[in-house]
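Colleague: Letter by letter, the chains look like this.
Protein chains: 2
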Amino acid sequence: MAKANENYLKLPGSYLFSTIGKKVKEYQEANPDAKIIRLGIGDVTQPIAPAIISAMHSAVDEMAVKETFKGYAPDLGYEFLRNVIAEEDYKSRGCDISADEIFVSDGAKSDCANIQEIFSTDNKIAVCDPVYPVYVDSNVMAGRTGTYDKNTETWSDVIYMPCTEENGFAPQLPSVTPDLIYLCFPNNPTGSAIKKSELQKWVDYANKVGAIILYDAAYEAYISEDDVPHSIFECDGARGCAIEFRSFSKNAGFTGVRLGFTVIPKDLKAGDTPLHPLWARRHGTKYNGAPYIVQKAGEAVYSRQGKKQLKEQVAYYMNNAKVIYEGLKDAGYSVSGGVNAPYIWLKAPNNMTSWDFFDFLLDKAHVVGTPGSGFGPSGEHFFRLTAFGTYENTLEAIERIRKL
Amino acid sequence: MAKANENYLKLPGSYLFSTIGKKVKEYQEANPDAKIIRLGIGDVTQPIAPAIISAMHSAVDEMAVKETFKGYAPDLGYEFLRNVIAEEDYKSRGCDISADEIFVSDGAKSDCANIQEIFSTDNKIAVCDPVYPVYVDSNVMAGRTGTYDKNTETWSDVIYMPCTEENGFAPQLPSVTPDLIYLCFPNNPTGSAIKKSELQKWVDYANKVGAIILYDAAYEAYISEDDVPHSIFECDGARGCAIEFRSFSKNAGFTGVRLGFTVIPKDLKAGDTPLHPLWARRHGTKYNGAPYIVQKAGEAVYSRQGKKQLKEQVAYYMNNAKVIYEGLKDAGYSVSGGVNAPYIWLKAPNNMTSWDFFDFLLDKAHVVGTPGSGFGPSGEHFFRLTAFGTYENTLEAIERIRKL
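The listed protein sequences correspond, in order, to chains W and R.
So that you can map any letter, position 358 of the first sequence is 347 in this note's numbering, and since no number is skipped, the others follow by simple counting.
So that you can map any letter, position 156 of the second sequence is 145 in this note's numbering, and since no number is skipped, the others follow by simple counting.
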């Protein structure tokens, strides 16, 4: 008789952002007049840049004519896109990454969730706490996390690296040795960044203990400070211990267009096993490539016009970040993030729990944020706001919060 | 220390179509003047229909303007698409399937490969032999298939259901009871179809033994005979035992556009566990939806103009199927398929192996097909040709083969 994967049944509740979506929908239905402003889920609001729109129209036209029609894409992505990524995101920053080490996909979320699959189920993972839920949830589904403790909201076989006010939201090297280390900088949800010299310590540590760092750099376009690395491959020795995930969602507004990529150096190994062929095999067997139209859109991100337009878009959102950061600080909130990341991390007032503050904010200000506790136990009493709203909505949301 | 997933290392060779791709590339490089005709991989050649092109241009324009820009899609797909699928593919055929039982994705390949994940790793799978490699390979990666025997080219824990000349390429109910049964009709690679009364026997069997049928209906648009079911949900009791996969790749030429969907009835259970919430959780955690532009393209498939244009496209390919079938039959080959499917299944002449015939055809006729043995041991000595080439190339390929 067919049996379900019991690991799925261990997952407490539904995916965080699905829960928030449902709560907001219910509130809106009960309060149809409430003008809700969403600064919760990290979804963008600015339209796709003109250079990219133009590239997509051209690609659609190519699909309309037999001579230029494109069927299945190459397994790992079109060369025109992989070449420009290697050049612009890596070689130009002095990173030794070549086009055939880049795997184009439909987004960093899928890749971050699927990457654990090429590792042994008895590998032990380490995650920051709080953390983007996908890392842990995908490992729960694979049976890699042990048992869940409802009281502490932690898994018995996961190594948690607390990121707290005390350590400036920067994780310390773990005391128990992990096999796989998930790091995300600039960080979601805390908005904190890490200096190159700090990241180098993680690379050295991973090489020493034989761990692999799974490095989520989805927010690199928001880095404004010079000594913050855009890629882990800026660090010496990273080719021997790191896999990097990149997204077009936040730097180019592709949350509804869907494009990302993963970098696996050809010489990267887990024990004696090279990982590049394993991920290539996964791509070949379980995936059929990102749409041609979308890969052409990705190429346009790196065009002269595309880069110019996207620089302005990032600046627009970072201005929102400033509005949130300064507005809340001015109102007496304890805030961080927002300098190298589009996320502001704030402490709920009066020792409220994260979810209490979520309900309070939704009910009193009609503003949606994300409860910090949804990202892990050390996120309790914290709250995430995103800079991805419109400027007008962001201003109004902060005005409303200031008036509470 | 990080360890690789050892199940991946059990996989013999690379993904079938990657291997073919490499072989053809090498041959072309060594023989730059050879005018190679590809009737191997099931990739389409006709451009996207005008109604769909127009819908995509409109969607691109929507993404260019703040007021109509779309970010993250709903977890399970846009309602406009799920509603039209429920209506046109199911309700219109008397199948009791509702929009919220439809999960929109980037293609049937991903879904067919990922579906095994929501089942226990000790579930036993049954597959047709020969079979689309993704079903078995994805289960190998999950550790569900036991050990590989190089001599028989079979896995110790997989139940094979031979589809041979003797049984008209229709599988018999297995003698060992499986937990999960992969069925694909119209069939890839043999091109065979199954009557509704025959499929009903499988549904009754699965309900009796508590197995789940994973039904791949990617080629349903090619059905030309009346008593062949387009969906397993045309059978009584299928809601209690079946999951269905559908693709836009072959009926609408979306191999490079990427869209598909999976149907999981809300009351379908594995033991006591409903499967719909598990797949919903997987979608929510490991996937971020198909692009808005692509979902709008999917909607246009069901428009009046779209349906008319695609009917012509399917007829174009089925005329190719006729050209291949009759040409080869006339030349003395033993052929089947091609009536309810875009695949022709032929026996290699002179007792050649499938790969020998592949090399022979590539070298002597510059025609690429797919070796039957790549789909399983019972495919040995057989060969698949697809009807997805252009009419002109198909004619020429058959002429070349006839002259051998």
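Where hints are given, some of them may not hold.
A pair counts as met if it fits within one copy or between any two copies, since identical chains are not told apart.
[Said to hold, decoys possible] Calculated pairs, DSSO-like style, for lysine-lysine (alpha carbon to alpha carbon, straight line, at most 30 Å):
1. Lys296 x Lys59
2. Lys353 x Lys318
3. Lys197 x Lys296
4. Lys(-8) x Lys336
5. Lys190 x Lys139
Note that these hints are calculated values from the structure, not bench results.
Colleague: For each hint, tell me whether it holds in the structure or not.
Modeller: Hint by hint, here is what the structure shows:
1. Lys296 x Lys59: Intra 26 Å, inter 21 Å, cutoff 30 Å: intra and inter.
2. Lys353 x Lys318: within (19 Å within a copy, 76 Å between copies)
3. Lys197 x Lys296: Answer is neither; intra-copy 38 Å and inter-copy 60 Å both fail.
4. Lys(-8) x Lys336: This pair counts as neither: shortest intra-copy Cα distance 44 Å, inter-copy 39 Å.
5. Lys190 x Lys139: neither (33 Å within a copy, 46 Å between copies)
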